[in-house]
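There are 2 protein chains.
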Amino acid sequence: MDKLLRNIGKHVAFTEEENALISSLVKVRQLKRKEFLLQQGQLCSSIYFVNRGSIRCYFESKDQRPCTLMFAFEDWWITDMRCFIKQLPSDTHIQALEASEVVVISKSAFDHLFEEMPKFERVFRILMQNAYIREQSRMLEHLTCSAEERYRKYIAKYPRIEQLISQKHIASYLGITPEFLSYTKKKAKKENS
Amino acid sequence: MDKLLRNIGKHVAFTEEENALISSLVKVRQLKRKEFLLQQGQLCSSIYFVNRGSIRCYFESKDQRPCTLMFAFEDWWITDMRCFIKQLPSDTHIQALEASEVVVISKSAFDHLFEEMPKFERVFRILMQNAYIREQSRMLEHLTCSAEERYRKYIAKYPRIEQLISQKHIASYLGITPEFLSYTKKKAKKENS
Chain D
172 MDKLLRNIGK
182 HVAFTEEENA
192 LISSLVKVRQ
202 LKRKEFLLQQ
212 GQLCSSIYFV
222 NRGSIRCYFE
232 SKDQRPCTLM
242 FAFEDWWITD
252 MRCFIKQLPS
262 DTHIQALEAS
272 EVVVISKSAF
282 DHLFEEMPKF
292 ERVFRILMQN
302 AYIREQSRML
312 EHLTCSAEER
322 YRKYIAKYPR
332 IEQLISQKHI
342 ASYLGITPEF
352 LSYTKKKAKK
362 ENS
Chain G
172 MDKLLRNIGK
182 HVAFTEEENA
192 LISSLVKVRQ
202 LKRKEFLLQQ
212 GQLCSSIYFV
222 NRGSIRCYFE
232 SKDQRPCTLM
242 FAFEDWWITD
252 MRCFIKQLPS
262 DTHIQALEAS
272 EVVVISKSAF
282 DHLFEEMPKF
292 ERVFRILMQN
302 AYIREQSRML
312 EHLTCSAEER
322 YRKYIAKYPR
332 IEQLISQKHI
342 ASYLGITPEF
352 LSYTKKKAKK
362 ENS
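So the protein sequences, as listed, match chains D and G.
Note that this note's numbering numbers the first sequence so that position 38 is 209, with each residue one more than the last.
Note that this note's numbering numbers the second sequence so that position 71 is 242, with each residue one more than the last.
For reference, chain D alone in the conformation it holds in the complex:
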């Protein structure tokens, strides 16, 4: 539980009693590689904090083409936010890309923490704010940059991503085909050599 408490403690200082209350309301879950935390259509009833491993949230369109909405690694949060907040069947799949460990916070525990602790509200105001800013920057890059520029910016922002995530998943996050990603990488390599 330490990693979760450190993550939220970065934004606000919690007392030992408050940390004990948070710990008592969450549970830890182990995931095998490729195990689903959530599948499209299942009720999205929890938010997850990644203790270890890597997780992917993706949407499968009618033509079965998967589009990655986000990845989450150690110390990140992940859920299908719209469906979690509204307690709806999920629009997306959330799947472990390798053996992983997550902390699970149910919607009822989440709401209880907001009622009990205004500090918890601050933590999530900041996390939501950061998530909004990240999505808005991603949108701006989609509107203004070529696929090649998007790839370069993404690698610059997350230099280790290519060791953690397969090419086809990175391509589906950037909204390009794996073939185009491969071409872009070769081109970038040539220019740097």
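One thing to keep in mind: the hints can contain errors.
Any copy, or any two copies together, can satisfy a pair, since identical chains are not distinguished.
Unchecked claim - In silico DSS-like links for lysine-lysine, alpha-carbon gap of 27 Å or less:
(1) Lys358 to Lys181
(2) Lys181 to Lys278
(3) Lys324 to Lys198
(4) Lys356 to Lys233
(5) Lys278 to Lys233
(6) Lys358 to Lys198
No wet-lab data here; the hints were simulated from the structure.
Model the placement of chain G on the given structure of chain D, informed by the hints.
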């Protein structure tokens, strides 16, 4: 100030004293058509609530092609969130599309309200959460839908948008050319007739 208080009062009930404190910390600003609230490169020091009118936040790329990040109408909030939170020079322009009136909350007033009122924190946790969900849905549409589908979904979500916003601005929000938007509209009209 009533519209602002009603907007935040939708999420949490504030007392008269709390409403008076909020009102004492904000100011109202009138804008002429095409007047800028903020220009790219100016310090983004405030967040705005729209009392009346319509506002556009856009990014101008090096080749002078403007990309619309968001519109805001009566009862909406708008700012360059990343630059507002970090108190940085703005990445975007924010401009009135018609004569408008906004309530201005400075970063220092914003932070003061969080310190004084945990309820204000809840309001912004919910607003940020909704903004994140909206941006994520927009991203998903960009990854999974054709330009034509994006246009149809946008019009279905905001049926009055075409009366409020010019075609070129709608095109720059959807990430398509005005010519392609015009072609898509003609096609949709033909199919519906």
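How the hints compare with the structure:
Proximity of Lys358 to Lys181 under the C-alpha cut-off of 27 Å is found in neither arrangement, the shortest distances being 40 Å within a copy and 53 Å between copies. Taking the closest pair of Cα atoms, Lys181 and Lys278 come within 27 Å of each other both inside a single copy (22 Å) and across two copies (21 Å). For the identical chains of this complex, Lys324 and Lys198 are neighbours neither inside a copy (36 Å) nor across copies (39 Å), given an alpha-carbon limit of 27 Å. Within a single copy, Lys356 and Lys233 get their C-alpha atoms only as close as 29 Å, which misses the 27 Å cut-off; across copies the closest is 24 Å, which meets it.
Taking the shortest Cα distances, Lys278 and Lys233 never come within 27 Å of each other, neither inside one copy (29 Å) nor across copies (44 Å). Proximity of Lys358 and Lys198 under a CA criterion of 27 Å is satisfied in neither setting, with 46 Å inside one chain copy and 53 Å between copies.
Taken one by one, the earlier hints fail for this structure at numbers 1, 3, 5, 6, listed in ascending order.
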